[in-house]
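Generate coordinates for the entire structure from the input sequences, incorporating the hints supplied.
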Amino acid sequence: AGTVFARDGEILAVLHCEERLRPGAASEVVALREAGYDLHLLSGDAPAKVAVMAARLGLAPDHARGGLDPEAKAARVRALDRRDTMMVGDGLNDAPSFAAALCAATPAVDRPVLPGKADFYFFGDGLAALRWSLTAARKLRRIVRTNLALAVAYNAIALALALAGLVTP
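Using this note's numbering, read the sequence shown as starting at 1 and increasing by one per residue.
Quick caveat, the hints were computed from the structure, so don't treat them as lab data.
Each hint should be verified, as a subset may be incorrect.
Cβ-Cβ distance ranges computed for the label pairs, FRET-style [what the hints assert, rightly or not]: (1) G124 x C17: 18 to 26 angstroms; (2) G2 x T146: 55 to 63 angstroms; (3) V167 x R83: 36 to 44 angstroms; (4) G124 x G44: 22 to 30 angstroms; (5) D119 x L161: 38 to 46 angstroms; (6) G116 x V167: 45 to 53 angstroms; (7) R141 x P23: 25 to 33 angstroms.
Just so you know, even glycine gets a beta-carbon here, dropped at the ideal spot from N, CA and C.
Given below as structure tokens:
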């Protein structure tokens, strides 16, 4: 299989295209899964092609769906989303899925529309930026929760002291 260029029934050239993973993609998938993330591959590409990619990434067959049009992909994102889903896409057909997810990211900064629809974009050939972003978000969440707990405790103590008449407003 491939793309055949012919003229008057004579084959001039046959081009065979091979789909390649981004550098380090398989190891990033492993690292993200080890960090507790549930990963899915949703694509408009043929289901057989998606199954091959999923196997190369180490994803379970039931976590890979091919042959999805943009609305079907967005519906699948909505079905997965528990207000914690990040959608990563690089095509304009991913825009409906971006809207369906809590967070959207793209490496496709060279496209006219997609970076504007994403919550963030990243540079480089690899996917390490996703793991770095998620790690930073978890640290930030921990800090925010700690700060909120300290603020509640401080205010509860201050209110109790004020009600006891030990401090003035």
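In rising order, the numbers of the hints this structure does not comply with: The structure breaks none of the hints.
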